[in-house]
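A.B. asks: Residue numbers (the working numbering), protein chains in the order written: chain D, 1 to 307; chain H, 308 to 499.
Calculated from the structure, these hints are not laboratory results.
Hints may contain errors.
[What the hints assert, rightly or not] Quick look at which bits of chain D chain H covers, simulated, 3 or more residues with Cβ under 8 Å: (1) 8-14; (2) 117-126; (3) 151-161.
[Claimed, not checked] Under 10 Å between C-beta atoms, here's a sample of chain D residues computed to sit facing chain H: (4) Asp17; (5) Val19; (6) Ala20; (7) Ala22; (8) Pro33; (9) Leu35; (10) Gly67; (11) Ala68; (12) Arg69; (13) Leu113; (14) Pro240.
Since the structure is predicted, the reported quantities are computational estimates derived from the model, not experimental observations.
Note that beta-carbon positions come from the ideal geometry of N, C-alpha and C, so glycine has one too.
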Amino acid sequence: MSAPSGSLASLSEQLADAVARAAESVVAVHARPRLPSSGVHWRDGVVVTTEATVKRLDGITVTLPDGARIDATLIGRDPGTDLALLRIPTGHLPVARSGDPGTLRPGHLVLALARLGDDGPRVALGTVSATGGPWRCWKGGEIDRRLQSDVTLYPGFGGGPLVDVDGRVHGVNSGGLSRPFATTVTAATVDRVAGELLERGYVARGWLGIAMHPVRFDPGARERLGLSRDAGLVVLSVEPDAPAGRAGVLVGDVVFAIDGQPVESPEQVVDLLGGGAVGRVLALDLVRGGARTRADVTVGERPRRAG
Amino acid sequence: MTAAFAAEAASRVRGGVVHLRVGDSAGGAGVVWPGGVVVTNAHVAIERRIIVRLPDGSVVEGETIWRDPERDLAAVAAPGLAALPPVEPGDAGRVRPGSLVFAIGHPWGIQDAVSVGVFHGVGPIPAGIGVPEPIRRQAWVQAAVRLAPGNSGGPIADADGRVIGVSAMIVAGLALAVPAGEVESLWRGARP
């Protein structure tokens, strides 16, 4: 089978077109010594970049596609999803054209874009390696979709967009979350985090104020208590003046269900505390002193570390 | 896009790629340049006498006739080169970021291996990557294409099979090549 002459050249043209289109919203972000990182003009006047590459709070500048270097101010940062938001004057650049990451399948060609200075955009080509549903990255943030690719994120590529062959932006590439595959924080998560950062400058995470560890009930206790499963989470500590303590949860309680759903790992509880959980009431089914009881806990906001 | 992908364009260039060795070294690649001479890196052609493996597998002895260590270029003459199809040099300045490029060389001694990637640009290397300033400021063809030891001196070509650079270095994972236009003008100026 021989390739029709020019098919490679036309694919090449298509890729260069996609880069030219998407690169109009890609800037260089100067927020650390030496090498800049990249950023995407996500909404008018708002640039998204990676949190880990923002090393200073003042004196941040960005280089626009036309080579002009302008001042930017930090709106907020979310280490959990490795995103940070910068404000630049409105009306300078087109806003990134978003794609639907749900349309990407393993094997699709994708491009990682970057900008490192006043010269042209930087690009890496690869294929989508893995896709999937919501997941929690190792830095703790929830991401609405798994999108990993084998593009090489060269130095300075963090904060740049992952782009399809039509030039649509599917999310922001994170160097910090990538290993071994390049990880993209997908568009819906960037939207959500950007919204929260614009609203209050940080991302609120739910908090109960208890530490828990998995335990198993012995068959006799399980039968006597009428439990459907033998697994639960024993409360090891209760923080003073925290939501669980205020609702009456005590050290030694064994939580076996939350809102009627069995729980057997602390990660399941953490999953219930993300994305808008603050203020919600969770019904904790517990075993205390050999009897079943219930505590209604209003999810609080996890205290933020200084700095 | 076809299943053959880069095969057609790569096979066109491959006929103009040789393998160069000095002594027991793994060596590097060389490009058959118009005029019947092999262009390679100065760091590949480190001695006057050099072993040249032609694309048909035959091995001949070549002679290094020009070296420019500052630009890391060299030229090697050898019997049989005039009969080979030279590569077609191209202008890296006309290639757009994101365009497909491919490299041919002998990474880790693998003969005529092709790697595909995308073009970044041609110009100085961005500051902050840790390259000595005199090297950084030279004009380089920069591409996200995988190179390894053994690619040195080999071509980086565009999707039409035009050679836009001679691979010279890997910096921060990026392929850096001497632009074909500079190869042409430096070699023309040096030609006896």
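A.B. asks: Going back to the hint list, which numbers does this structure go against?
C.D. replies: Checked against the structure, the hints that fail are numbers 10, 11, 12, 14, while the rest are satisfied.
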